[in-house]
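Asker: Take a look at the letters that make up each chain.
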Amino acid sequence: MTVHSYYLPRSLPEALDLLADHGPSLLVMAGGTVVMPLINEGLSLPEAVMGLRRAGLDRLERTDGMLTIGATATLTQLLEQDAVPMLRDAARNTASWSIRNMGTVGGNLFTPPPGGDVAVALLALDATVTLASATARRDLPLADFYTGFMTDRLADDELLVEVRVPIPTAPTAYIKFGRKHANTPAVVTVAVRLAWDGGAVTDARIALGAVGPHPIRARDAERWLIGTTLGPDAIAAAASAAAKECEPFTDAIATDWYRRRMTGVFVARALEQLAPGAGGKGG
Amino acid sequence: MASTIVTFELGDDREVEVMVRPMTTLQTVLRNQLGLTATKEGCRQGGCGSCAVLVDGEPMLSCLLPVEDVAGRRVTTLESLTPTEGLHPIQQAFIDGYAFQCGYCTPGMVIVAAALLDHDSAPSVDDIRWALAGNICRCTGYGPIVEAIGAAAETIGAGQVEEPR
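Residue numbers (the numbering used here), protein chains in the order written: chain A, 1 to 283; chain B, 1 to 165.
No lab work stands behind these hints, which were simulated from the structure alone.
All residues carry an ideal CB built from backbone N, CA and C; glycine is no exception.
Errors might be hidden in some of the hints.
To be verified - What the simulated footprint calls covered on chain B by chain A, stretch by stretch (three residues with Cβ under 8 Å from a Cβ of chain A suffice, anywhere in the stretch; the number is not a length): (1) 19-28; (2) 40-46; (3) 51-64; (4) 130-142.
What the hints assert, rightly or not - From the structure, some residues in chain B lie toward chain A, with a derived Cβ separation under 8 Å: (5) E68; (6) D69; (7) V112.
Extracted from the complex, chain A is given alone in its bound form:
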């Protein structure tokens, strides 16, 4: 263990001042479920680490049509809320009980694929992230946050402090497909949210996990749904488009070929849950 300094700030201003003082060499850790394994294994050798567990960023707040989630709210807290069922599904399908008690929503946004199952749901929900530095604060759509594998728009002096989610008014679908029923990395994760007007789809969000360098939108697939009544042809077209546009990789869990195939299969299944007459889950 080479860590010389471990800071546990008691407030956001204190955390931001520490970050401003130290600069990018300060490793920021929330629940520790991603960072600690790297430190334990000697793969990360930081001199200074800041833990956010005591920084008071763990609140969940529901205000007219919006769920605001503090960056260090745990996945267990997400599982226990009922404002946004898709986020409950996402939390339920992430890791194990002990890890959900530790891992945070903010941290999940920085978990490399095939992890980051909650981030996939947040992307489908049009979440906004709030980034703060000691001197400024700005909001960014999650859809614009990622720039590549493990890269994003967070500046060196910024912390992600909260995530805001518009509470959906129509049913949503979330499927994580892994090789086991629980505590398993994703082969592919699919999150879908649709807007309807008079039986036709007016807007669509299809977010995919574990088939790209970060959670991605399947924008071609989304376009196939607009104006349709979500019949079998529209579903098949969207599923095929999603399989085409995703950017899967090969790892110990699955090959890129299999991930692409399963992307088509599970986009179709998620859409079928939302098709008229399927009795969607709501929320």
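Here the structure of chain A is known, so what remains is to put chain B in place on it, guided by the hints.
Answerer: Chain B in isolation, oriented as in the chain A frame:
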């Protein structure tokens, strides 16, 4: 930064104070400084569950917890769960049900089972499996473990044994 002193509650009635280098894990403190070796060191990656402890009654993995993070909080290990006389009903059920072979995963299994029964005194088989999803056993097989936890729930529920916590 020099070593610091961290104080936390151990079980229900003991306060401990340890001097640690920055970011020493709770696992290392328990095993190497306090001599409490029921908490096992398995993968140190958060993947095996053998180092599970309760923090304020909720299961967490001590290999992923800098001990500074639990300052002022209550940590429960298998040692603190075990009564002075006899065994915890879950421990007894593990013996009665042959729910271990090598025993390495057992402390983590019992800790998580204790937390489960605290939340839900009559869990279904699915509930038990769900709770144990983060605890890996490589020799017993999960069947006897799940059955033992169900049996312990019945024992505690029937009031045959007071849950000694």
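Asker: Would you mind marking each hint as holding or not holding in the structure?
Answerer: The hints, checked one at a time:
no., hint, in the structure
1, 19-28, "holds (count 5)"
2, 40-46, "holds (count 3)"
3, 51-64, "holds (count 8)"
4, 130-142, "holds (count 5)"
5, E68, "6 Å, holds"
6, D69, "5 Å, holds"
7, V112, "7 Å, holds"
Taken one by one, the earlier hints all hold for this structure without exception.
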